[in-house]
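Participant: Here is what each chain is made of, one letter per residue.
There are 2 protein chains.
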Amino acid sequence: MGQKPITFLRQVISLCVNPDLLNNESFPADARERARRILQGCKGGSLGSYSDSVGVEVIRKDIAAYIERRDGFPSDPDNIFLSTGASDAIKNMVKLMVRGSGRDQTGVMIPIPQYPLYSAVTAELNAVQVNYYLDEDNNWALDIAELERSVKEARQHCTPRVLCVINPGNPTGQVLSKENVREIIKFAAREHLFLMADEVYQDNIYAEGCAFHSFKKTMMELGPEYSTLELASFHSTSKGYMGECGFRGGYMEVINMDPQVKLQLKKLVSTKLCPPVSGQATMDCVVNPPQPGEPSYESFIKEKTAVLKSLAERAKLVAETFNSIEGVTCNTVQGAMYAFPRIALPQRAVEKAKSLGQAPDGFYALQLLEQAGICVVPGSGFGQREGTYHFRTTILPQPDKLKIFMDAFTAFHNKFMKEYAD
Amino acid sequence: MGQKPITFLRQVISLCVNPDLLNNESFPADARERARRILQGCKGGSLGSYSDSVGVEVIRKDIAAYIERRDGFPSDPDNIFLSTGASDAIKNMVKLMVRGSGRDQTGVMIPIPQYPLYSAVTAELNAVQVNYYLDEDNNWALDIAELERSVKEARQHCTPRVLCVINPGNPTGQVLSKENVREIIKFAAREHLFLMADEVYQDNIYAEGCAFHSFKKTMMELGPEYSTLELASFHSTSKGYMGECGFRGGYMEVINMDPQVKLQLKKLVSTKLCPPVSGQATMDCVVNPPQPGEPSYESFIKEKTAVLKSLAERAKLVAETFNSIEGVTCNTVQGAMYAFPRIALPQRAVEKAKSLGQAPDGFYALQLLEQAGICVVPGSGFGQREGTYHFRTTILPQPDKLKIFMDAFTAFHNKFMKEYAD
Ligand SMILES: Cc1ncc(COP(=O)(O)O)c(C=O)c1O
Ligand SMILES: Cc1ncc(COP(=O)(O)O)c(C=O)c1O
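Chains as they are written, first to last, in the UniProt record's numbering: chain C, 1 to 422; chain L, 1 to 422.
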């Protein structure tokens, strides 16, 4: 994901790939021990064999242990499904939920703005996309009244069965408050919706006062009345402070699923044999990093802290800079890896875009690319309220590059606004 | 896949994972050079970044170069799509081909016996499975008259659009003759079928007189009349002499596809971002092994030769042993990694199975497991002609284990046949 890899992780994976190195003492003892442990769980002691379709057992156990530490509630390894990145698990889960036609056709509720995987998967699997809008005026919070409006309207023409929530949000960068998570759970229970919690950014929280509240933990805390809600939570190696997206590791924890349905899920994932075992090993490193007292611990903590600190600084820098520019407003980037500023496009720019057959923010983004060499994704790719215009940019470039970027952006924007002033 | 990994491959991948090792001179210079080259093609010089959805460009070029060397005909890197194992590419391709309902619904022609991915994918994607039977009496050859019967019958109730051929075959182990491949191409052209050639076992050819004839090459040789046939060929890191299935590397070469359709294919694969970059690097090693003159060449050739020689010996041993047992007949294992012997089950055994609600070969396999601790897959999992019974076993166990297995099997079988003698 652009950032420097965590040394411990790369050591462990290279040892797993090439066990000839296992006795090489230039590798720290804990990395070698970790690699040995993973390999013992693999068939033939090798990353090069297929694993069980649901993943390597020892890795599923490590994931369950991680969730238990995180939430303070038990997690059953049998509920853990390794996957080829979170994308794969999300797609499989939607697939499992889709049925019916006409008014019985499955509706999948997704946030707007959304990460486009959701609209793509919904379209591909022939489900009905049901939009609910995040509240931009309230730092992209999730308003329960809006969920209620959305589900009610959807029931006119389809059967909503799934509620997708992305927390922290992509592209919007909000971190849901505990109270908000609680309300969402109650809503899902009330409306009999299967809750898909995309929590791939759970380690990417920057704003003061914000914390990650997992849906699982919050649900358990709500007590017996809600502790039977059907829920899947998705995680990934791609984000966090490790950012190893190329290995395509991920998992889902599936809670309270009917055993018969779970059997179908296992059948579904088994068609394609198993997720990449190297990605599974990477996932193990994410959930099971060096512990205090282990030889790699100190350098690991140093690397982790540096990455997260730098991301937090950049999150702040980006939002502040955007907000200092006339005609641009940007919510606090509380988490994840993106800013999604709103641009007050002059009417003349909107008309110019329309005359060219382009979306207004698409036109803006294209000009930005052509005139300043800066690439952003127009808000129309994620969805936005009618008549509002946005773009998404990542906070991943290193601080020096980011400053250059923000300066070039400011210059472009001011020129653009002048050119199209109403 | 159970065999010892090829050292060069594991060295290259561990270097790609952990570039801190790139200057470590205990790795051969060619492995380090290869790793550097792959990493230069990766975003941020790292396996840990997403690649293009279709795969890393330099790896696509290496694959195209491999196909050119293999076939003696040009291959365009733009026709190469990396994938998460061949499974992923096969599924995407079927997905692309499925449309219509009723008599217009896409029929997918698959061999019987088949590798069960095909029936699973066809069912999951809502296509019509159209069976054609391989000719057991003719070492599982593909009889054109049978293809003709099959397509004609299918046209009564669906629209066959895809012909899947597995060569060398799983579970059947046959290697198609050049003449056979030629006839299949002519049939596909005549019937306007998209040809999906599963060639993942292209390096697994054992029987004397057999050779791998790729569909691409054979089609090109047939001249302009056939050189516009639409064809996809699938390959994988999972088989061959490297057998690195855990990394889930694969690719397809897509030939003569309409540019508009190809665009849709690119869109389809992009939903899930990209195949694991570690699997892509593994694929690169498969198509681009050490060359004469390079430091790793000799030891590589030694390892490769040893693996293939041992597989060939085991292929022979397994078929010969089965054929020496009364009531078992087994075609020559010309290629791939399996034997699919036929068992002449006594009528009493068939009735016993039916009384237990089991398939007769399922009953046999279960008894084999319980009494002799030997696990095989009953033929009913792959499909077989009505009234015939088979099972599939791999030739992968090491020769000493394989001998023990064959002895235990023989003892079980003779006892079983006596017990249920008519
Ligand atoms: C919200 C969200 N979910 C899921 C994913 C998929 O991640 P992966 O498939 O790499 O695990 C992403 C990737 O950007 C994302 O932003
Ligand atoms: C005929 C055939 N095709 C495709 C595959 C899938 O291989 P992979 O997805 O590991 O590349 C297999 C695996 O056994 C196979 O036997």
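Worth flagging that the hints you see were computed from the coordinates, not collected in a lab. Wrong hints could be hidden among the right ones.
One copy or two, it doesn't matter: identical chains are merged, so the pair holds either way.
[Unchecked claim] Derived pair list, reagent style BS3-like, types lysine-lysine, alpha-carbon separation capped at 27 Å:
#, residue 1, residue 2
1, LYS401, LYS418
2, LYS95, LYS267
3, LYS309, LYS43
4, LYS4, LYS43
5, LYS316, LYS302
6, LYS262, LYS95
7, LYS354, LYS267
8, LYS267, LYS403
9, LYS403, LYS43
10, LYS266, LYS152
11, LYS43, LYS401
12, LYS43, LYS316
13, LYS266, LYS95
14, LYS43, LYS354
15, LYS304, LYS43
16, LYS43, LYS302
17, LYS95, LYS152
18, LYS178, LYS418
19, LYS302, LYS152
20, LYS267, LYS186
Participant: Look at each hint and say if it fits the structure.
Facilitator: Each hint, compared with the structure:
1. LYS401 <-> LYS418: Within one copy only: 26 Å inside, 79 Å across.
2. LYS95 <-> LYS267: both (12 Å within a copy, 19 Å between copies)
3. LYS309 <-> LYS43: between (39 Å within a copy, 24 Å between copies)
4. LYS4 <-> LYS43: Between copies only: 12 Å across chains, 31 Å inside a chain, cut-off 27 Å.
5. LYS316 <-> LYS302: So LYS316 and LYS302 pass the 27 Å test inside one copy only (21 Å; across, 58 Å).
6. LYS262 <-> LYS95: both (13 Å within a copy, 24 Å between copies)
7. LYS354 <-> LYS267: This pair counts as between: shortest inter-copy Cα distance 25 Å, intra-copy 48 Å.
8. LYS267 <-> LYS403: Neither. Shortest intra-copy (50 Å) and inter-copy (34 Å) distances fail the 27 Å Cα cut-off.
9. LYS403 <-> LYS43: Between copies, since 22 Å is at most 27 Å while 49 Å is not.
10. LYS266 <-> LYS152: neither (33 Å within a copy, 36 Å between copies)
11. LYS43 <-> LYS401: between (45 Å within a copy, 17 Å between copies)
12. LYS43 <-> LYS316: The answer is between: 26 Å across copies meets 27 Å, while 46 Å in one copy does not.
13. LYS266 <-> LYS95: Both. Shortest intra-copy (12 Å) and inter-copy (21 Å) distances satisfy the 27 Å Cα cut-off.
14. LYS43 <-> LYS354: neither (58 Å within a copy, 35 Å between copies)
15. LYS304 <-> LYS43: between (32 Å within a copy, 22 Å between copies)
16. LYS43 <-> LYS302: between (34 Å within a copy, 25 Å between copies)
17. LYS95 <-> LYS152: Answer is within; shortest intra-copy Cα gap is 23 Å, inter-copy 33 Å.
18. LYS178 <-> LYS418: Classified as neither; 43 Å inside a copy, 70 Å across copies.
19. LYS302 <-> LYS152: neither (49 Å within a copy, 68 Å between copies)
20. LYS267 <-> LYS186: Neither. Shortest intra-copy (31 Å) and inter-copy (37 Å) distances fail the 27 Å Cα cut-off.
This entry does not satisfy hints 8, 10, 14, 18, 19 and 20, going by the numbered hints stated previously.
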